[in-house]
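Student: Sequence:
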Amino acid sequence: MSAKTEQKTVSAHGLSRYFGARTAVDQVSLELRQGEVLGLLGPNGAGKTTIMRLLTGNLAPSTGKVEICGMDLQKQTLGAKACIGYLPEVPPLYRELTIDEYLRLAMRLRRLARSKTDDAIRRAVERCGLDNVRRRLIGSLSKGYQQRAGIAQAIIHDPAVIILDEPTSGLDPNQMRDVRSLIRELGAVRSVIFSTHVLSEVESVCDRVQIINHGRQVFEGSVDMMKLEGTRLEEIFTQSTLEKIET
Numbered sequence: 001m002s003a004k005t006e007q008k009t010v011s012a013h014g015l016s017r018y019f020g021a022r023t024a025v026d027q028v029s030l031e032l033r034q035g036e037v038l039g040l041l042g043p044n045g046a047g048k049t050t051i052m053r054l055l056t057g058n059l060a061p062s063t064g065k066v067e068i069c070g071m072d073l074q075k076q077t078l079g080a081k082a083c084i085g086y087l088p089e090v091p092p093l094y095r096e097l098t099i100d101e102y103l104r105l106a107m108r109l110r111r112l113a114r115s116k117t118d119d120a121i122r123r124a125v126e127r128c129g130l131d132n133v134r135r136r137l138i139g140s141l142s143k144g145y146q147q148r149a150g151i152a153q154a155i156i157h158d159p160a161v162i163i164l165d166e167p168t169s170g171l172d173p174n175q176m177r178d179v180r181s182l183i184r185e186l187g188a189v190r191s192v193i194f195s196t197h198v199l200s201e202v203e204s205v206c207d208r209v210q211i212i213n214h215g216r217q218v219f220e221g222s223v224d225m226m227k228l229e230g231t232r233l234e235e236i237f238t239q240s241t242l243e244k245i246e247t
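In this text, residue positions in the sequence shown follow our numbering: the first is 1, and each later residue adds one.
Check the hints yourself; a few may be wrong.
[Said to hold, decoys possible] In silico DSSO-like links for lysine-lysine, alpha-carbon gap of 30 Å or less: (1) K8 - K116; (2) K116 - K143; (3) K116 - K65; (4) K8 - K227; (5) K65 - K75; (6) K65 - K81; (7) K81 - K8; (8) K81 - K116; (9) K143 - K65; (10) K8 - K75; (11) K8 - K65.
The hints are simulated quantities; they were obtained by calculation from the structure and are not laboratory data.
Whenever a hint applies, use it, and build me the whole structure from the sequences.
Tutor: Now the structure itself:
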């Protein structure tokens, strides 16, 4: 697992989001420290993607507050967002560009110095295992390589916090293994939050897990502690997500 420090990078308290009369997220709180990987686990439609959008500033909360690296995401938006690398469930890829061209575009969109472009691209390409395909069109690559390209754009600016929404969705077993390994590497020195509905993914990659059901947090715990206590995540997940949420 990761080498966690006491430096807090993400702090979210009392997050709720309403869409008309529907409550998509209801009083969710979480904290994350440097060198920690947090798995946001829940069934499809539980509210995980909405939480990710709230944490990245792509959606404003109806109530609650998010701080990224000590900055209020609503009040110090540019500074806070500069600390975040984000891969949405559908990666923002341009199939007609090569990997190099795509990452150069990502650098420009983030308004990063041109003098740093080559080194930043080299590091992202090496970290994500893209060196042998960096000059190929993204549209010609396998889903696994396309997902790596999406992660590369998320880390191109060396963010302290990396947020990945269902990063292994649609991948074959070998591709899933590679992406999980990459997440573990990234989590060694950064803070990583990723959403999933795959229990084995949480057990193999994460330091902590939070289970979301019907927009609410229904469980939070240490993966290592559960293993030491002989607690099965599958049992916790089943019990937590089958129970009806009282209103």
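Student: None of the hints should be skipped; say for each whether it holds.
Tutor: Comparing the hints with the structure gives:
A distance of roughly 27 Å separates the Cα atoms of K8 and K116; the hinted pair therefore holds under the 30 Å criterion. The hinted pair formed by K116 and K143 meets the criterion: a straight-line CA distance of about 29 Å does not exceed 30 Å. Distance hint between K116 and K65 is unfulfilled; the C-alpha atoms sit about 33 Å from each other, more than 30 Å. A C-alpha spacing of about 25 Å is found between K8 and K227, which places the hinted pair at or below 30 Å, so the restraint holds.
Distance check on the hinted pair: K65 and K75 sit about 10 Å apart at the alpha-carbon level, within 30 Å; holds. Taking the CA atoms of K65 and K81, the gap is about 14 Å. The hint holds against a cut of 30 Å. Note on K81 and K8: the hinted pairing holds, with a Cα-Cα distance of about 16 Å set against a maximum of 30 Å. Between K81 and K116 the CA atoms are separated by roughly 19 Å; this keeps the pair inside 30 Å, and the hint holds.
Between K143 and K65, the direct Cα distance comes to roughly 35 Å. Violation of the 30 Å bound is thereby established for this hinted pair. In summary, the hint linking K8 to K75 is supported, as the alpha carbons are separated by about 19 Å, within the 30 Å threshold. A C-alpha spacing of about 15 Å is found between K8 and K65, which places the hinted pair at or below 30 Å, so the restraint holds.
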